[in-house]
Every structure is written in C-alpha cells, then in structure tokens.
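> Here is how the chains run, residue by residue.
Protein chains: 2
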Amino acid sequence: MAVKQEHAPEQCKVVDEGITRVFQVLGKRWNGPIISVLIDGPAHFADLRRAIPGISERMLSDRLAELGATGLLLREVTEGPPLRVSYRLAEKGAALESPLRELAAWAEKHLTDKPAC
Amino acid sequence: MAVKQEHAPEQCKVVDEGITRVFQVLGKRWNGPIISVLIDGPAHFADLRRAIPGISERMLSDRLAELGATGLLLREVTEGPPLRVSYRLAEKGAALESPLRELAAWAEKHLTDKPAC
Chain A
3 MAVKQEHAPE QCKVVDEGIT RVFQVLGKRW NGPIISVLID GPAHFADLRR
53 AIPGISERML SDRLAELGAT GLLLREVTEG PPLRVSYRLA EKGAALESPL
103 RELAAWAEKH LTDKPAC
Chain B
3 MAVKQEHAPE QCKVVDEGIT RVFQVLGKRW NGPIISVLID GPAHFADLRR
53 AIPGISERML SDRLAELGAT GLLLREVTEG PPLRVSYRLA EKGAALESPL
103 RELAAWAEKH LTDKPAC
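As given, the protein sequences belong to chains A and B, one line each in that order. All residue numbers for the first sequence refer to my numbering, where the first residue is 3 and numbers rise by one. All residue numbers for the second sequence refer to my numbering, where the first residue is 3 and numbers rise by one.
Among these hints, one or two may not hold up.
Straight-line distance between alpha carbons at most 30 Å, and here's what the computed BS3-like set of lysine-lysine pairs gives [to be verified]:
hint, chain 1, residue 1, chain 2, residue 2
1, A, K111, B, K111
2, B, K94, A, K94
3, B, K111, A, K30
4, B, K30, A, K94
5, B, K94, A, K111
6, B, K94, B, K15
7, B, K15, A, K15
8, A, K111, B, K30
9, B, K15, A, K94
10, B, K111, A, K15
11, A, K15, B, K30
12, B, K111, A, K94
With beta-carbon atoms standing in for the labels, derived distance ranges [unchecked claim]:
hint, chain 1, residue 1, chain 2, residue 2, range
13, B, A48, A, L76, 42 to 48 Å
14, A, R77, B, A48, 43 to 49 Å
15, B, E59, A, R77, 18 to 24 Å
16, A, R86, B, A48, 38 to 44 Å
17, B, S58, A, A92, 30 to 36 Å
18, A, M61, B, A97, 40 to 46 Å
19, A, A67, B, R86, 27 to 33 Å
20, B, E78, A, A92, 26 to 32 Å
If you are wondering where the hints come from, they were derived from the structure by calculation, not from laboratory data. No residue lacks a Cβ here, since even glycine has one placed at the ideal position from N, Cα and C.
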C-alpha cells in the first residue's frame, strides 16, 4: 500500500548540489570577472586590477587567494629583479570558459540595461 | 607613423561587459540557486526557502524583490483565502537554463569537494 502523500511535489524541491557548489564560488561578486579575464591568458596582479573596474586591491587579493585554494588558478612567481607574480587558470578554472561565454551571451541578449540595485 | 606602444598588450585587458553585468546579478550568493530552483517550475516562498538550505527569510525576500526588479522573475498573487504568493521565471530568467546547466555540469566534474572557505 502506498504511503499517503502529505504534501504537494513542489514542496520536495531541493536545489541542485552542483548549482550550490558553483555559487559558493561564483556567487561572490568578483570571482566571475576575475576568472573571465584570466581565460584570455595569464595576468599580473596590476593587470587584473586594471581590467576589473571597481575592485579594490584587498578584494582582488582575497579572491585570488581563495580561487587558488579552490584549485581554480595558479600563482606563479618570476624571480627578478623585479620579482613579479602572475596568475593563470588551472585546468578546472579554464574549463569554465564555455559556461562563462554562454552567460556573457545571455547578458548580451537579456541584460541590455544595468540591473536595478 | 605609428604611435609608440608604451605598454604590453595584457595591460589593456578589460573584463567583458556582459560578464560584468551577469555577475552583478549572479555574483550575489543566493541568486543562482533561486533561479535554478525556479527553472523547474513556479514555487511559493516557503517552497523556495525549503529548497535552498541556509537561506534566511530576509535574504530570500530581498533577492526575490531584486530579481523581480531586474525582470528575471514574476510574482503572482492567488487570491485566497488563503492568499498565496508564487514566483516564476520571466522569459529572460528562463533563458538562463542552458548556462546554469553547463555550470552544474562543470561543478559535477570539477568541484567534487566543497571549496575551501
């Protein structure tokens, strides 16, 4: 005998686990733009800062450390002088290229005006 | 006569404008998961709250208002009693299905462990 359903099916919805994980990373304001810039190739800290209007030095530094810890990017030091640090995507970061391009295309089509704040 | 280039090309990088716009929306922790749940169909406030572990009532309410203002979702009131409010994606929100599926597939493959906090 079937157990009597006490609730409608929509009450059983649970967010996809992959989506939850993705937005633990991309749901932080600057991570998407940082990865997006690095998709075009490695960049120095100053290049990244210049490429992303509005990001502070502290924010960029925190996000780069975090993306490094998550294994999405690699930090490379070139012995100097001057000593230079550059960042490039690890394989799993580079694999975001296709979904990010889709998101950019979506924005191109659907977010022509800046969203309301 | 060509103007002498004073800087390397990587210093001219600027983040894609579509990416900037996308992450003004999806770069907020809960927006991706909310949209993702609504892709499966309309949901009441309580269903959404249950579907997204960790979200507070206040956060969900703020994000829904914001996503509504951006035109990504619609709020529908069913006269009661009991009066019920449900949310469903507008066309441009629904158009996020494909990029979100790609992101979920990426997470499935590359984010098997929870990212470091």
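> State for each hint whether it applies.
Right, here's what the structure says about each hint:
no.: 1; hint: K111/A to K111/B; result: 28 Å, holds
no.: 2; hint: K94/B to K94/A; result: 28 Å, holds
no.: 3; hint: K111/B to K30/A; result: 21 Å, holds
no.: 4; hint: K30/B to K94/A; result: 22 Å, holds
no.: 5; hint: K94/B to K111/A; result: 9 Å, holds
no.: 6; hint: K94/B to K15/B; result: 29 Å, holds
no.: 7; hint: K15/B to K15/A; result: 42 Å, violated
no.: 8; hint: K111/A to K30/B; result: 21 Å, holds
no.: 9; hint: K15/B to K94/A; result: 22 Å, holds
no.: 10; hint: K111/B to K15/A; result: 23 Å, holds
no.: 11; hint: K15/A to K30/B; result: 21 Å, holds
no.: 12; hint: K111/B to K94/A; result: 9 Å, holds
no.: 13; hint: A48/B to L76/A: 42 to 48 Å; result: 44 Å, holds
no.: 14; hint: R77/A to A48/B: 43 to 49 Å; result: 44 Å, holds
no.: 15; hint: E59/B to R77/A: 18 to 24 Å; result: 40 Å, violated
no.: 16; hint: R86/A to A48/B: 38 to 44 Å; result: 53 Å, violated
no.: 17; hint: S58/B to A92/A: 30 to 36 Å; result: 34 Å, holds
no.: 18; hint: M61/A to A97/B: 40 to 46 Å; result: 30 Å, violated
no.: 19; hint: A67/A to R86/B: 27 to 33 Å; result: 45 Å, violated
no.: 20; hint: E78/B to A92/A: 26 to 32 Å; result: 44 Å, violated
Comparing the model with each numbered hint stated earlier shows that hints 7, 15, 16, 18, 19, 20 do not hold.
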